[in-house]
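Enquirer: Quick mapping for you: the protein sequence lines, in order, are chains A and B. Terminal number for the first sequence in the UniProt record's numbering: 296, no gaps in between. Terminal number for the second sequence in the UniProt record's numbering: 326, no gaps in between.
Since the hints were derived computationally from the structure, they do not count as laboratory data. This structure is a prediction, so every number in the text was calculated from the model and none was measured. Mixed in with the good hints, there may be bad ones.
[Unchecked claim] Distance condition first, Cα-Cα at most 27 Å in a straight line; then the derived DSS-like pairs of lysine-lysine:
#1 B:132 x A:22
#2 A:193 x B:90
#3 B:72 x A:22
#4 B:308 x A:32
#5 B:129 x B:175
#6 A:193 x B:132
#7 B:7 x A:198
#8 A:22 x B:308
#9 A:30 x B:7
#10 B:114 x A:198
#11 A:193 x B:311
#12 B:127 x A:184
#13 B:200 x B:12
#14 B:150 x A:198
#15 B:85 x A:184
#16 B:150 x B:114
#17 B:90 x B:129
#18 B:311 x A:32
#19 A:184 x B:150
#20 B:25 x B:90
#21 B:7 x B:25
#22 B:12 x B:25
#23 B:308 x A:193
#24 A:193 x B:175
#25 B:311 x A:198
#26 B:200 x A:198
#27 B:25 x A:184
#28 B:72 x B:127
#29 A:184 x B:311
#30 A:193 x B:301
#31 B:19 x A:22
#32 B:129 x A:184
#33 A:198 x B:19
#34 A:198 x B:175
#35 B:12 x A:22
#36 B:127 x B:175
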Amino acid sequence: MAELIRNLPQTAEQEKVAGPWKEAWRSFRKSKSAVAGAGIVIFFILVAIIGPMLAPQGINEQNLAIRLLPPSSEYWFGTDDLGRDVLSRILHGARLSLTVGISAVILSAFFGSLLGIIAGYYGRWIDTIISRVFDIMLAFPSILLAIAVVSILGPSLRNALIAIAIINIPNFGRLIRSRVLAIKEEEYIHAAKAIGMKNSRILWRHILPNSMTPIIVQGTLAIATAIIEAAALGFLGLGAEAPQPEWGKMLADARMFLLNAPWAMIFPGVAIMLTVIGFNLMGDGLRDALDPKMKN
Amino acid sequence: MSNLLLKVENLKKYFPIHKGTFGTKSGDVKAVDDVSFDVYEGETLGIVGESGCGKSTTGRAILRLHEPTDGKVTFDGMELTSLSKGQMRKARRNIQMVFQDPYASLNPRHTIEKILEEPLIVHGIGKAKERKQLVYDYLEIVGLSPYHAKRYPHQFSGGQRQRIGIARALMTNPKLIIADEPVSALDVSIQAQVLNLMQKLQNDLNLTYIFIAHDLGVVRHISDRVGVMYLGRMVELADSESLYETPLHPYTQALLSAVPIPDPTYQREQILLAGDIPSPRNPPQGCTFHTRCPFAMDVCKVVTPSFKEVKNGHSVACHLHNEVQQ
């Protein structure tokens, strides 16, 4: 009988082995909104890569004779107050916005995870210090904190990126810390210790890989927020500088002409909105796919 | 009797309780309080007790997964409790552990091959090729097949996972295996398979087990000697036969009378204990069992009974029996 039971599964399942990532991909594909989000994200990434080559006009060629023209077959998205083609500027701006969004998130995810892991795994006073600093940072409205950072560093796109990275650190840090705290008590971590593993090996090979999924999800969602924050800083004049075709900056420049030339403001706004929706939908889809416990 | 492999002397593990804003220490949970026992090569020592009595903590304190508060653990002539962290890590090669929950004790992101190979890598055993071969060998030893190696834990049943957990414990060729409720999470039919596997492995590989469980039937089946724990203390320790036939401690008697007997016509006297287990944070004075003991005497409330051998190889911590001796 024992032999029989033991041999049963061998004949029953010979199918190929699917790892956790493959299964996540399978369930990600099932969600229409997630796929749509991923589609939008991929579209904008492509725009960021090849957009400047597609741009029908130069971005900084001013021609006051054609200022504030409505959308037409020649200028699809119209022109702005200095006679620059809005479409071309949006295509160029995609690269700026995505670079700022993605690199700010990578920076904050890296430093946030590092601090979170240290706080969660080593605990005690080091945890107290890191957690309290996070609490203090989270006590400020994030955009206010970003403005403060930019004011210290001086307004530029690079400094806006740094500011956004800094204000997002506590989000990642707390997320990873709580995750590490939970995983630290899992039995397979005790098992790893019982085997005789070093702390560093346990941390990097067992705790970290199992803490990655919320980082991926949070990272995707944070890119959306970071793009908005970059645009907000640009709008306030604290991010991109004058001729740069950053979307938030474009909004700010066009707001004086909102009534007689709304296209100069609508199209950059739509670009921001679509990118953000894309990242949000993709992030939600990733969360459902990577964390089956969240599903109901 | 065969060689002494593990000697546990006055092992204590207190968990501090922190309270308030500043985390001031307000007391201890005495999870393991002054436990001593010996384990001999090739035997199986069962440790039983109800949940919360400290039996799992005892197992983990031996391996220093929970750092013992006090006491001495000597394994194969080496004092584990005085080793440095690094030395202790190396010593774990010879003492391995099988965990209770086969669903939680395997890293869900690693394949079986990776899980089983890791102990070898950590202890620097063999080259990549030899390690692979060892993984396949041990998979077969525990009744699985080499092609299972590429799979992930979630693709196995509970019984299969526990076999993997056992294989992992065997990889470094240890002398002692501490099995912490290894079959409690399994179906009864699978329990028997896993127990039989463990017994077979013990014979083939000359293993020594400390088998922690709350199921008295399972413990009797597998153990040569059995220790009974109550509220962090060892109250009785004897060879299986004599413990199950002539239990001396009133707590053991009560425990054994609660074991169901698969015979509807069988009439027996069941000893019902009054009250709940006292909190290990604030255990009763004297004998910790006196609050529930049907034979409690005045002395039990004041004096903690010492753990003494009253018959050949049968030790008990109870004033009822110490008196007879004196």
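Enquirer: Each hint needs a verdict: does it hold in this structure or not?
Expert: Hints and how they fare:
no.: 1; hint: B:132 x A:22; result: holds, 24 Å
no.: 2; hint: A:193 x B:90; result: holds, 11 Å
no.: 3; hint: B:72 x A:22; result: violated, 49 Å
no.: 4; hint: B:308 x A:32; result: violated, 71 Å
no.: 5; hint: B:129 x B:175; result: holds, 25 Å
no.: 6; hint: A:193 x B:132; result: holds, 22 Å
no.: 7; hint: B:7 x A:198; result: holds, 26 Å
no.: 8; hint: A:22 x B:308; result: violated, 59 Å
no.: 9; hint: A:30 x B:7; result: violated, 58 Å
no.: 10; hint: B:114 x A:198; result: holds, 17 Å
no.: 11; hint: A:193 x B:311; result: violated, 39 Å
no.: 12; hint: B:127 x A:184; result: violated, 30 Å
no.: 13; hint: B:200 x B:12; result: violated, 33 Å
no.: 14; hint: B:150 x A:198; result: holds, 25 Å
no.: 15; hint: B:85 x A:184; result: holds, 18 Å
no.: 16; hint: B:150 x B:114; result: holds, 9 Å
no.: 17; hint: B:90 x B:129; result: holds, 23 Å
no.: 18; hint: B:311 x A:32; result: violated, 74 Å
no.: 19; hint: A:184 x B:150; result: holds, 26 Å
no.: 20; hint: B:25 x B:90; result: violated, 33 Å
no.: 21; hint: B:7 x B:25; result: violated, 32 Å
no.: 22; hint: B:12 x B:25; result: holds, 18 Å
no.: 23; hint: B:308 x A:193; result: violated, 35 Å
no.: 24; hint: A:193 x B:175; result: holds, 18 Å
no.: 25; hint: B:311 x A:198; result: violated, 45 Å
no.: 26; hint: B:200 x A:198; result: violated, 32 Å
no.: 27; hint: B:25 x A:184; result: holds, 23 Å
no.: 28; hint: B:72 x B:127; result: violated, 36 Å
no.: 29; hint: A:184 x B:311; result: violated, 45 Å
no.: 30; hint: A:193 x B:301; result: violated, 41 Å
no.: 31; hint: B:19 x A:22; result: violated, 45 Å
no.: 32; hint: B:129 x A:184; result: violated, 32 Å
no.: 33; hint: A:198 x B:19; result: violated, 31 Å
no.: 34; hint: A:198 x B:175; result: holds, 21 Å
no.: 35; hint: B:12 x A:22; result: violated, 47 Å
no.: 36; hint: B:127 x B:175; result: holds, 22 Å
Violated hints, listed in ascending order, are 3, 4, 8, 9, 11, 12, 13, 18, 20, 21, 23, 25, 26, 28, 29, 30, 31, 32, 33 and 35; each of the other numbered hints is respected by the structure.
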